[in-house]
Amino acid sequence: MSRSLEFESKLSMNNVWAISNIVIKELYRRKDFYVLFVLTVVITVLMGAINFFNDDQIARYLKEICLLLIWISSLVIAITTTARQIPAERENRTIYPLMAKPVSRSELILGKFLGSWLACGLALICFYFFFGCVASSREGHWPGMSYFQAAGLHWLALGVVAALTMLGSLVFAAPSSNSTITFVGILGILLVGRHLNKVALQLTEPIRSLVYGFYFAIPHLEFFDVRDLVIHNYPPIPWKIWWGAVFYGFAYGAIFLVAACWVFRRKPLN
Amino acid sequence: MRILALVLALLLSICFSLATIMESWFQSWEGNRATSSTLIGLFLGDSRRLFANHFFVKADSYFHSGYYPTIFDNGQSFEKSHLAENAGAISGANETPEVAFLTAPLDWIDRFGRNFFPSVHTHLDEGGTKGRGNKSESSSERADVREILPWLKISAELDPSRIETYTVAAYWLRTRLGKTREAEELLREGLRTNPHSFAILFELGRVYEENRKDSFHARNIWELALKNWQKTEANKKEPDNFMFEQITVRLAQLEEKDGQFEKAINYWTMAKNVSPDPRAIQERIEEAKQKLKAHFDSKTGPPARSLK
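Chains as they are written, first to last, in my numbering: chain A, 132 to 401; chain B, 175 to 482.
FYI, nobody ran anything at the bench for these hints, they're computed from the structure.
Just so you know, these numbers come straight off a predicted model, no measurement behind them.
What you were told as hints is all true, and nothing was included just to trick you.
Far from chain B, some chain A residues (derived; all Cβ distances over 10 Å):
| no. | residue |
| --- | --- |
| 1 | A149 |
| 2 | R160 |
| 3 | S204 |
| 4 | A219 |
| 5 | M230 |
| 6 | I256 |
| 7 | S267 |
| 8 | M276 |
| 9 | L301 |
| 10 | F303 |
| 11 | V315 |
| 12 | G319 |
Derived lysine to any residue pairs resembling SDA-like cross-links, with alpha carbons at most 25 Å apart:
| no. | chain 1 | residue 1 | chain 2 | residue 2 |
| --- | --- | --- | --- | --- |
| 13 | B | K431 | B | H469 |
| 14 | B | K304 | A | I196 |
| 15 | A | K398 | A | R221 |
| 16 | B | K232 | A | V323 |
| 17 | B | K304 | A | H272 |
| 18 | B | K232 | B | S335 |
| 19 | B | K437 | B | H469 |
| 20 | B | K232 | A | I196 |
| 21 | B | K401 | B | A258 |
| 22 | B | K304 | A | F279 |
| 23 | B | K232 | A | L321 |
| 24 | B | K304 | A | P367 |
| 25 | B | K401 | B | Q434 |
| 26 | B | K401 | B | T443 |
| 27 | B | K431 | B | V448 |
| 28 | B | K232 | A | H326 |
Beta carbons: idealized from backbone N, C-alpha and C, even for Gly.
Given the sequences, and given the hints that come with them, work out the whole structure.
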């Protein structure tokens, strides 16, 4: 039997779910999420208490601040949760008994990723529910479809980030370096990714081709950052476009996960 | 051990002595941030002025519902703030049309990505994303302009010497939100920091004239604004002729309304010297002269017939 067929036959979703369950439980046992959520709530409430010209219906600045805090918090949760999964198993020497069980390396990677991603999803539900309450208290309406689309795309983005971090945890030496490099890279993509093509056109060859190639290669996470559309009450994105972004996110997530599985299969456990 | 204790005591004495000398010097030092009345001034010092412009631009971005050029785009069409332009705080129009900064998509990623950020030109005072490009009838939609106020307020806090912030914020407060009292308070706050600002005085005059219907106070304030302009701008190489024209035109209109046609002609003449459209001003001068003549005739009555 070829190695790829052997891989497919051995991949058991039960094992993947079991491992992911443990990661999800880890989220609500650790303090990270609670600290970030409380910080977000406190800062948002304080900002909301400021009086601007005796007008209590001003909402957009508050939505912007709240969404910025949600994005920062969710990126921190996604990266730190995922970055420590495999290194923690190695440090605690629990990876050996885990591999002794009928759990393949790919199932371990997928299970850890799925757990981190689902944990991010649960955190996002709490964050966006709070955001919705704050926004509707000021604006008097609840654009459910827009919020659903924004939260969905945000969750997809965190999936790509988690997959990238998982790959990084197998490539880089320590969780701290992995977290830092991933965080800086993600920030760079969110801020500058959309504009690399314009920058490339102002350069000369061969740098222009390099930059343009890099522009096409990177995952464009800015597709998933629709904060401005939510803040300024734009109509919902057309569903065809939204699903296009979803498939784009799945594609990049899959690429990073396959790469992670491939790297992990070739690395010694110690 | 004893030596260590003695050294420690010596160091403490030196610190205490230095503190008594430095404290009096620090209190009289100009850069002493402790004299700053705000937390922002205390923490940032003069660097806060760098951020003030950023927040003013943020307000302009909110005015366009997020549709705004980044540093990577051609920002020529947004060099002058449309927020300030619509408020009458600055002159002229931008050279390129506002839509020009977002050119045709360069590739499929650029084309696809435009669905995920604001890529349609709107103004908040025209309904924003709901009434794109159309003058909105609904008062609640026009009041969406309130969303720019926090950024203008922060900009004013960060750089109290930035005049434009006060005049722009006051304009939108009184015209779209009906908050005349708040607009006046903001302008007076600006005057406390910038006592000789003719632009703030002009806007304050507009509050009295347009909102409080108090021409008497408006005239006094505009005359003071004109005096301040002549004191501060007249000798400059490039004086603010836009503001001068605004002040003199308003004074001329006020004097005409009150039947003081000679004063009105005087102000129209002053405005004509700096106006980009002197012909239109000349027409107003001619109209004022005719009204003056008619007014004089009505007072003196028809000329007496000679008796033969």
